[in-house]
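Numbering (the numbering used here), first residue to last: 226 to 377.
Among the hints, a few may not be true.
[Unchecked claim] Quick list of the computed label-pair ranges, beta carbon to beta carbon: (1) 229 with 338: 31 to 39 Å; (2) 228 with 341: 16 to 24 Å; (3) 235 with 271: 29 to 37 Å; (4) 336 with 254: 23 to 31 Å; (5) 364 with 318: 16 to 24 Å; (6) 338 with 308: 16 to 24 Å; (7) 334 with 277: 31 to 39 Å; (8) 318 with 271: 19 to 27 Å; (9) 337 with 276: 15 to 23 Å.
Note that these hints are calculated values from the structure, not bench results.
A virtual CB, placed ideally from N, CA and C, is assigned to each residue, including glycine.
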Amino acid sequence: MTRSLREWRELEVVAPARAAWEQFEPFFEQHGYRLYMHSGSQYEGHVTAPPDCNPTRAEDQYGRFLPEWIDRERKHSYFFPQTGIHMAAVSPSNTDVVIRIMAIGDEGQDHLALMRALAAPEAQVPENHTLPMLAELKKDDIVFARSLIVYA
């Protein structure tokens, strides 16, 4: 099912958005990614890592600044998508990542070009607080971008 970027952004999170991402599951699995699942819990606003995964969290403010959190066991990863255009996944290297639909056909190409520029080595300076785009995946006319999940 092809949607515009606007339609993806307007999807109600979490169950309808997660259901819409199901069409891409075989594609992502071919590339070693496992999409997070709708938990079905009372907390309807989040998705969780698949139960047979134990992904490593990207270092965040807790691990970086609070020593008591460094060795803390993190049994389940979860993600609160803000819009249907994003979905969390477990990467081939077993880390938590977020995947975003960047462009569909010609739509979103300017934003994609900007994110490519910000991900370039020369843009990787301390003053650049942009979460870098680490990888691109393309399926038909859809370009996906992958970044690490940073927990707040």
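Hints, one by one, checked against the model:
1. Residue 229 and residue 338 have their C-beta atoms about 19 Å apart, which leaves the hinted 31 to 39 Å range violated.
2. Distance hint for residue 228 and residue 341: a CB-CB separation of about 23 Å, consistent with the stated range 16 to 24 Å.
3. Distance hint for residue 235 and residue 271: a CB-CB separation of about 19 Å, inconsistent with the stated range 29 to 37 Å.
4. For residue 336 and residue 254, the Cβ-Cβ distance of about 26 Å falls inside the hinted range of 23 to 31 Å, so the restraint holds.
5. At roughly 21 Å, the beta carbons of residue 364 and residue 318 sit within the given window of 16 to 24 Å.
6. Checked against the hint of 16 to 24 Å, the pair residue 338 and residue 308 passes, with Cβ atoms roughly 21 Å apart.
7. Evaluation of the 31 to 39 Å hint for residue 334 and residue 277 yields a pass: the beta carbon distance comes to about 37 Å.
8. Checked against the given bound of 19 to 27 Å, the beta carbons of residue 318 and residue 271, roughly 23 Å apart, stay inside it.
9. Residue 337 and residue 276 have their C-beta atoms about 33 Å apart, which leaves the hinted 15 to 23 Å range violated.
Hint check: violations occur at hints 1, 3 and 9; the rest are consistent with the structure.
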